[in-house]
Every structure is written in structure tokens, then in C-alpha cells.
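A.B. asks: Residue numbers (our numbering), protein chains in the order written: chain X, 433 to 804; chain F, 932 to 1457; chain E, 829 to 1287.
Hints in this document: simulated from the structure, not taken from any laboratory.
A hint or two may mislead.
[As the list claims (entries may be wrong)] According to the in silico footprint, chain F covers these stretches of chain X (three or more CB under 8 Å from chain F): (1) 472-481; (2) 550-558; (3) 711-725; (4) 738-751.
[To be verified] Capping the alpha-carbon separation at 20 Å, the derived lysine to aspartate or glutamate pairs in EDC-like fashion look like this: (5) X:K647 x X:E504; (6) F:K1279 x X:D592; (7) E:K1263 x X:E656; (8) F:K1337 x E:D934; (9) E:K974 x F:E1429; (10) F:K1360 x E:D1169; (11) F:K1360 x E:D939; (12) E:K953 x E:D912; (13) F:K1279 x X:E656; (14) E:K974 x F:E1374; (15) E:K1263 x X:D659; (16) E:K974 x F:D1427.
Bear in mind that the values here come from a model prediction, so they are computed numbers and not experimental data.
Glycine is no exception: its CB is placed at the ideal position from the N, C-alpha and C atoms.
What follows is each chain in one-letter form.
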Amino acid sequence: MDARALAALAANPGCRRRALLDGAGVDKGALARALGASANFGQSQFAHQRGNSFEARVKADRGETLTRLLHERLRDGSPAPEPGGVDTPDLTAVGPQGRTARTALALREATAAGRWALLDHPMVSLDVAGSPAFLEPDAVVVHPDGSWSVIEIKSFPMVDGSADPAKVGAAARQAAVYALALERVAARVGELKPDSVGEARAVRVRHQVLLVCPKDFSNLPTAELVDVRKQLSVTRRQLARLTRIEDIAAALPEGTTFDLRLADDGRTVTRPAEELTAAVDAVDAAYAPECLAACELAVHCRARSRATGAVESLGRGVRGELGGLTTVESVLAAALERTGGEPTGDPAVDALRRAAALRAEALAAPGAVACR
Amino acid sequence: MSLITTLARMEAVRDGRARPVATVLHRHLSDRPLAFVPLTTAGEAGAPLGALVGTDRDTPRLLVVPQPRNRDLRFAFLADLAEEMLPYLDSYADDVELEERKETDPETGKKVPVQVELCADAPQLLVPSAAGVAFVRLLGRSMRFRRTADQDPDTPFPAPARVPLLGRWLTHYGERSRVPGSSLLLSLTELLGRHWATGQSNLEDQHLGSLLAWIDPPEGFPGAEAALRAESARDADGQLLCPPAGPATDPAFDNKLLAPAIARYDAARAEVLGGVAGGEARLRLAENELRELIASQLRPTWDALWHGVDRLRGLPRGERVAERWKRDRWSFTGHRDRVRAGEPPQPKRDDAVTAAQKLSARETAQAQLEAQEALDDPLVMAGRRLAGEAFAGEVTEVEMAWSEAKVPRPRPLVTVRTEDRPHLEGEVKLYRVMADGRTQTGEFAGAQAPGALVVRLTGGMGRGKTPEPGSVPEPGDRMCWTLFEHAPRGGPELPDAESTPWTHGGPPDAVALGPDPDPVTEEDYL
Amino acid sequence: MIGTDCVDGGSRAGHGAEPFDPSAAAARATEAILRDTLHGAHRGVVVDSPPGAGKSTLVVRAARELAAAGRPLMVVAQTNAQVDDLVDRLATADPDLPVGRLHSSDPHPYDPVLDEHPSVRTSAKVADLAGLGIVVSTAAKWAHIKNVEPWRHAIVDEAYQMRSDALLAVAGLFERALFVGDPGQLDPFSVVGADQWAGLSYDPSASAVTTLLAHNPQLPQHRLPVSWRLPASAAPLVSDAFYPYTPFRSGTGHGERRLSFGVASDGSGPDRVLDEAAVSGWGLLELPARRTPRTDPEAVTAVAQVVRRLLDRGGAAVSERSEEPVPLTADRIAVGTAHRDQAAAVRAALTGLGVSGVTVDTANRLQGREFDVTVVLHPLSGRPDATAFHLETGRLCVLASRHRHACVVVCRAGVAELLDEHPSTEPVQLGVTVKFPDGWEANHAVLAHLSEHRVAWRP
């Protein structure tokens, strides 16, 4: 699971299906294709290229631009990075474990050095439902005071200092995952003995991350600090919840698996779709239309939700005034039943009948002036 | 969402087609709107890929940027767009009527009536979806600070003439569209969604094809199936049968068709620059191929947009829509005057006073819109009645009474029998429309019995001791009282920007608000 | 308001070894506020006042001292009720002080009680009130006053509930001002989108204090450190949950406020939850989990029953105000809800039980008010989902901080699960200061505390 997927858990924490599939590391996109309900996910190569070249551009000067932007935005009186004054430790190592260890070491050394340092694509890990997830932030800056900042580089623009709030929100949640993983590293570094200088340094991960984006309509970078404290606490909550996956799994019928039984070519699914559907249906989903933008399996869940007539398929907000009525059929039946206007005692049903009567009255007189 | 709308959505699920949530058209729809269907390049900010634009549904103008990263080609696109849009905008500028308005005389400080011009009609811009409205704003922002060679001979990469001017107009239209009930710039998804409820969610309604599939499902297809097809059906090549309404393109289109076509275009262009024989022909070929590709993505949306317009034109017009459209005409006339007066482009950010003025104006517009829609449309009023903000019923009793002033005024007590349950507390003010269109005021004077509400009439009866004929209802009349005002007024006048108080940073720095051109780099797109 | 260290809060005084003296702490804060207001160099002074911390007392005192110093004073409040209440308090505190009540030209523009004060002059025209030391009105009315000599001083009351654009409309009327308000209550809002100005220092939809401090960060900021309303059982919870970075304490100690009943419990849910609340200051009457529309008849009945029993059982309150038990009468009880239709349903249910005189209102309208006992219908009770409206911290804060003795919350089970399933995908606007506490966290904190005082509903 990458940081984006972890951050996306917060989109629908009530969905047991998603929690289980994500916690078990199932490729939901492949599963959706096998179920014949793939979503319109995918990235344009133009967007991909622009993202990559923008990141390469802002990192081209070995971290000086990024560190300068960070320092300018912080305005905390710390010494400005001098030209050539930003360390960029080498983080090459073999395998994710190796890179994680190399990153932790580099962080420790940079923290002890008391200088600006930029870690380009470090690797950190986070325990997700019992197994480590390896995460790769765009960059982490170590400040001369020993604190660390997450840098998130995105290719959507900041026009006149503002950017698409939905995209900034997603970036903030993603950055919070990195910050959380870094906090775990910081806790370990903090336990280490003070370095040879003999000066104990407070190791802390700053709660403001630097979001770097193209400025206006140019390819010049600009940046803003984003406070991710709320996203951090959300992420902590979601990770804690993921430990409950075992309970969800325990409630499944014996032998339930989401294995696609790929053929030797590694692509062709040999498991019958009915079998997969049954396996997926064995665990409850909490579908809402918002899922369509956040989960690969949403098209499948939507079809199931509609088939059962669940009112949520029309939007989460629809439920508010319907009380115990959960299907379209039951709502319509309750609304249209003629009982001579006697109150039923169920306020949801009474309100629905009044709504249906008012609606029918208004539709019966099209073109009539409403209020005379 | 009100229960009435929820019910309408559920009826749509049951019937397999959209159900009405309005009985009249609540927005102005021009007889000659300018439709604009833009596409943008994924990942870039404000780098258009192409557009269909025009007032005639059968002959739209196709504009294409064969290589979106090329500044000259982008400028050529914008110049063509200006050539298409500005004459349309201009064509409304000179047909004016005279209106009387009160203005403050700078010498006496008194309000005096002056004659001012008001454009008799205004140009209307239609785009497919809310994302299209945002793109109009973004285009406006990207164009209005550009400098032309005329403005500044030294400017690097001068923009074609008229491009900054179009940027100002698009900015104005984009900003006006934030005013509730305004109709200068509208999206079809918003327009259709205001009048029909589909059997899917609001989020899914943002897809114009899918929304129309519910409103007008093809023969023999239930709405849900037609919508699903519009949303996700693909051909053997993996391309969507109904391309998205933009401005974003489908990634599969970008990766499979567009990218190779642009690559062929780039190669041919390199050949032309390198003097390779036959390069010109290949370049034309590549360009034509791109035009066809982009048109293939635009045309279905273009047709859908007009299809939606047809459906909307089938609705009777709301009575008070013209009143709101008049404010749109004022807005258009005002901007025309600012452009003619040579004022600089709109600043990047509003100053404190402008921001507060806009917010206040929009809140007033929202209150007016809500009142007018309810008065124009019994179905909207039904929602207000359900919410306890209005009640309708039959007059059962009228008792004459007078106020206790020195000159007693008529204050008749009217009992209305209703099944509605308005939220009446204390002597809450009430309003109704009288037969002559004027508003009568009243106040709640208690309930005689459950469902028998007494209203004390307080206005609309003339100046005398006896009410004017017809101003007091009679038993048997049906009437509808609202708890909301029918013509809510705006907020107080705010200080001039130059008098911005210390609490809000004092008068704005003139320099900071000046129209600094955007930074230009050698290659401004990646 | 994160990270703004208050200069004179005095809150830390109580956490040391020395015993906390609430009166002294409050007096120190008040003195510092008045010093800055009357003699300070800054054009503005900001005072944060948690629930029941003596804001009105402070405003009355500051107004009288400014008037005594011969400085013409205008007072800006947000609603007509607040203006009338202030004028009444001023005239009662100093019957010789000439006070002007500037009002609208609507019928019944002000509370007739003001006519009983000979020193109060009322008018819809500001010219009629010229020469009076103090003129009080609503922000909306002040905004229409033009072309007058600016007042030397202003007091802006409930400044956190005032919108930035409303301050813009009146700030030209005064030279200096004291801004007083409660940052924990409901934020001002706009019925139309204001996103395009998010992040601007003068975002017109933000609170007046946010704009003021963004442009004048050097202004002295004070905090009233003691809640005289909230009992010792409530102040820590309300302070931790809603004012995590600006804590306050209760002015009274444990045991100083007592609630007792003349009639013993009949063992029913309402009686048991009342007993629990009498002992601990909090009670949670929990109904079985069920999805309901807003006006959940069972919950409404439960609320009404609790109120009925509260009156029937001959409640009596002992507090620092009186050694003798004071009978708990209907006017000392309030019911708080999130929605108007809920309030209407509770009123109807109370009428059905023969109860009258109990205040029943929404959080918005209960702001600034005080009762001995409150009965609250939890905003999330029976809901299928939490929304931003229902999670707004200000709403819960208002509902949980109106009482002097005890607060009984009526709620369906399942709110904790509902909170857990709430999606957290809020958009983020660049440049906007993150508001704390988070609604989710605050709701969980309150719920966790309430669950220790849970009584299951048995009619």
C-alpha cells in the first residue's frame, strides 16, 4: 500500500469491504476488471510527464530551490541556506528494507550535523495491519535545528496563491502519512545517544508540510505551508482501525479468498466471475457515490447497491430524513400509500406523505402561479 | 436535499427516467447563446487543446492546438477564440435603452436622477459542465494580464491583439456566474439539474451525457442503463463511446490516440524545419488528423449541449426570470463601460471592500432567487411549505379590525385553514402576492384551532381608513403566505476602497493591485 | 487561535503548587484588560471569553470606565436581544449614566423594559442620541450610519460571531476598540460560497477577530481565565474539548454546587439519569440505537420526560449564590437542540406533559444564555451520517456549556460508531489557519466523558 492508498482509507472508513481488501493488499483494480466493472481510473501520459519533469526541475539544483522556498515560507528566523550549503546525502541501497535503513541513518546524521539537508526520495516504513508498508516521500528537509519537514511536489498550479482545495486536501492527507512514518523514525533517532558534538537535539517532525506547485501558468515553482495536524490524527485513527481487519476476516465464510487465479501469463484471470462476486459480496460494503472517485471497486459496489435499491446510491445526504427506510421501494411505498391522512406516528413516513402530497398537488397544476 | 427532491429522484429510479423538480424555466435562456465546448491538456494549467464554439449548432467553429506546449500555437488558438467571441459580445453592446438611476452628485453629495444606458439584451455563454465554467475563469485569468506588442513593444512573447481583452470578458463572465440566479454564463449540467431529478446522485449528474441519458433515455432503454452506457461504454479500441464533457479528456484517449498523433505532428514539423522534402504535406496531414481526433471528442458534447438547450426551451418561462436577467444586462453594460473607459484589467485578488461588496451582493441575490423561484413555481413553493417556510390554504373567516393609533388603520384578521405546518413563533411577519402582483404584508396573530391560522393584514390596503377594494381577501379565497420576504434588500453601503479601515489593513496598496504581467519564461510549459 | 500566547490569561497560575484563587486570577485579567483599553498604545484590544467567564460584566465595567474617562463610546452587539440586554445591564449598574439605544424603524424595535430606565434614550436616528456618553446598537444598524464624527472608542461584543464584512462596514465609525467574544461558539457563516477569498487576510466570510488580528498581529490579546457559570464538573471537559490551547477553570470548587431532589427516584430512566447528573454534573440517557429522522419521537419524549421529572421531583440547587437551597423552577431549565423542528417537537411534547416556562431552543439561539440545568438532544442522535453542520464544534460547545449545575444529554446509542465511519476528506484551502479543535475529536472527547455517566432508557 502506498501513501496515496493509505490516505484514501479516510474517504470511507465505514466500508468493511475496502478495509479488508486494502489491508490484505488485494489489487482492487485487477479485481474490478475480473468482475467486469472497471472504473475510469488511469492517468494521462501528459499529466504524468509534466509531473515528472516539474519535480526534476525543482530538484535540479540539489535541493537549493526547495530549501530556499521552505525557509522563505517559514519566516522563523532560522539561518537561510547558503549556496552550496544544503547537504544531499546519497540514499542508494538495495531493496526497500535497505533503503529504509539508509534513510534512517541519513536522517540521523543530517540531524546531528546541524545543517540544512535535503533527502531526495527517501524511504520510510509504516506498520499497516501487521506488515510494513514502504513509503517514498518526494523529499524530506532536515533543518539546522534538527527538525524535519515533509516536502510534497505536485504539478497542479497555484494561481494567485490558491489551488484546487480538493487536490490540496488529498496532498495534505498523503503528506500526513509520510509525517506519521517519519515520526516513528524520529522517535528512534531521539532515543540515540547525543552525537559526538555532545549536544542533544530535539528531533521533531514539523506539522507543516511544504506543498510545492507550479506558479500561475509558468513552470516556476512556488510553495505554501500546509498544516497537517488534522490529517495526522485522521491517519492515526485509520491505521488503528485497520487492526480490526482480523475481526472482519474472522467473520467471513471459511476459505474465502480474493485470489484471481492468474494463468501463467500473469494476466488472464481463470477464476470464475461468479465465484469472485460471491467472495466480494461476503463482506459488507458501504457504497456511496463519493466512492466513484476514490475506489477502484466502486462501479461494482454501485451496481450491487442499486440492485438492492439502497437509498445511499442516490447520495449519502439522502438518508438524513428517511429514518429506518433504507430502500427506494420502501420509501416510495411509504410515501404513496393512501391512508386518509392519519398520522402514523413514524415522523419519517408522515413527512414523506406530506412531501408526496405537496409534490403531487404542485405537479397537477403546471404553470399555475404559485402564490396568489 | 429536500424530501421533495429525494422523492423525485426515487420516482426517477422507479420510472427509469428523470422527473421534474421545477415546472417553469428558472434561468434566462437566450435565443442566440454562444456555446463553448473546450478541451484542455491534462496536467497543464490553462493549456487549451481545442474547442468548438459558435451560435449555430450546425456550424460550430473548430479550434485546435496541435501541440499544446507550443506558445505560438496556443496564442493562435486564443486569437481565433477572440475572433469568434468578441464580435458576438460586441454585437450586444450598442443596442441600448435609457434607464433612470440615482447617483450621488459629486458636488452636492445628494442623490440625483441621471439617465444611463442599459443594453437591451446581453450575450450569453453556455458551457457543458461546472468544470467548463471553472475553465472559462482560468482562461480569463491566463489571458487578461498578457501584453500585446501594441501595449508594450518590449514585452517578450507578445500576445495577439484582443487576447487580453477577451481575457477580461471571460473573467467578467466567470465572476458573474458566481452570483446566484445569474445567467450570463451557465453550464448545462447545472441548468438541467435545476429542472430535473435523475435516478442517480448529484455527483453522477455532473456528467452531461449521463444526465441527459436520464432526461431523454433512448427508446427502449431505462435511464440507468443509458446513463451507464454514456458514462463508461467503450469501443473495441478502448475509447469511450461518449467522451467526457471536458475540459479534461479521457486518459485512454490521451495515451492511445492523442499522444501518437501529436508525436507524428512534432515529427512532421521537425521535418519542415529541417527542410525535408514532403514535410509540408505530412505536417498538413498530421494537423488534419489531430483536428479530426479532437473534433471526435468535442462533437458529442456539442450535440449534447444543444440537446439540453432544446429540452429547456420546452419549459414555460418563470415570471420573475426577466427581472434577474435585467441585472445581468446591467452587469454586461457595466463591464462594457469599464472596457470603453480604458480601465485596467480586473486585479488578481479583490481588495477588502470589493470582496465584502461581492459577498453581500451574492447573499442578496441568493435570497431574491430563493423567493422568486418559489413565487414562480408551485413545485418550489411546495418545498418551502414542507420546510415550514410558507403555508397555503383557504380563507374561512375575515374579521375587520383597526389599529389603536390616533388615525386608526385597517388591520383585518384573516383565518386561513391549512394542512401545512409553518414554523410560526410570536408575531412573525408574513407576505403574499396580491392579485395585482403587489406584495401584501401581514403578521401571525395566533391559531384559532389546529390548522386554522389567523393572519393580521398590515399592508397593501392603501392609505385610508377603509381598505382599498380587493385588498382584503374573502372567505373561500385560496391564498399562500410566506415567512420569507419577496424582495429582500441588500446590505448597507460599504466604505470606498480608499477608506478601508485599520481593522482591514487600511487603504489597499495601489501597486500591489496593479496588473503585473505574469512571469514569462523561455518555455512556459513543460 | 493556535499558538497565540495570551499575555494576561493567568491560567497557568492555578497549575502550580499554590492553590488557585479564581477571583484573584479573574481580577488580574480584568485589570490588565482595562489598563490596555484605557491607557494602552494600541488601537485595539482583544479579549477571549470562554462560556460564563463574565464577559457581560467586563463589557459593562469597561463601558462605565470609558464613559467616566469622558470618552464617547459606541457599543456594537450582534443581535437586538444582546443590545437590549446590555443596555438594561448598563442602566441597572449605573442609573445615572445616560445611555442611547439606537434602533431600527421596524415595529417593536427594542425591548420595552428599556423604557423603564429614565437614563436610557431610544431613537432610530443617531442625531437624536448625540451627546450621550454611550450609544448601543446592532452591527447591522451601525452599518447604516454615515457621515458622522467618529467615536473615540468602541466596544465590539460577540466579536467572534461577527463577520469580517460586518466589521468592515462599521470600523470607520470608531478610532479604537475593545473586541470581546467567545472563540468556542458557533462561527459566522455565509449562505453563498466564499471560497474564492479563502486565505485572504480580509476574507469577508471569516470572523471579525480573524481579520483584525491578521492585519494587526501586535494587538494585545487577553483571556478571561475563569468560568463562573460552569461547575467544577464541567469546566475541565469543556476546556479540554473545546479550548485545548486556551484552557480555563471553574470559579467554584467540587461540592460548592449541589443539586438535590425532594422526591426519590422511581427507578425509571429519566429519574436515574437525573440522579446521576445531580451527583456528577453530567448524565447520558441512552436510547437504543436506531436510525431516525431529525424529530425522533422517542428521543423527544425522553427529553420531555426528563424535564417533567426534574420539575416533579422538587429539584433544589445550592450554590455560592445562596446557602439555602433554591427551588429549581422552569425558568432555570433549558432544552437545547440542533434544529428548529426538533425544538418545536420538544415544545409540543412539553405542552403535552403540562410543562410551561422552560426555554427550548437551538444552539444558535442559546448562545450567551445561562441556566441551572440543561437537557440536550445530542446533535448526532439517530443520524445515519455525521455532516459538517452536526460536527461543528461550536454547536456542541454551546449545548454543553449553558448550565450552572448539571447537563443531561439524551442520545441514541451508536454515535461513536457513526463518528468512526465519518469520511475525512475535507478540502484544504491554502493560507487558511486550521481551526481547532477538530469537530470529530471534540465530539469523541465529550462522548467518552458522557459514557461514564450513562443510563439506559427505561420509560
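A.B. asks: A separate judgement is required for each hint: does it hold in the structure or not?
C.D. replies: Now the hints, each set against the structure:
no.: 1; hint: 472-481; in the structure: holds (count 9)
no.: 2; hint: 550-558; in the structure: violated (count 0)
no.: 3; hint: 711-725; in the structure: holds (count 4)
no.: 4; hint: 738-751; in the structure: holds (count 8)
no.: 5; hint: X:K647 x X:E504; in the structure: 15 Å, holds
no.: 6; hint: F:K1279 x X:D592; in the structure: 7 Å, holds
no.: 7; hint: E:K1263 x X:E656; in the structure: 18 Å, holds
no.: 8; hint: F:K1337 x E:D934; in the structure: 19 Å, holds
no.: 9; hint: E:K974 x F:E1429; in the structure: 16 Å, holds
no.: 10; hint: F:K1360 x E:D1169; in the structure: 19 Å, holds
no.: 11; hint: F:K1360 x E:D939; in the structure: 18 Å, holds
no.: 12; hint: E:K953 x E:D912; in the structure: 17 Å, holds
no.: 13; hint: F:K1279 x X:E656; in the structure: 18 Å, holds
no.: 14; hint: E:K974 x F:E1374; in the structure: 32 Å, violated
no.: 15; hint: E:K1263 x X:D659; in the structure: 10 Å, holds
no.: 16; hint: E:K974 x F:D1427; in the structure: 12 Å, holds
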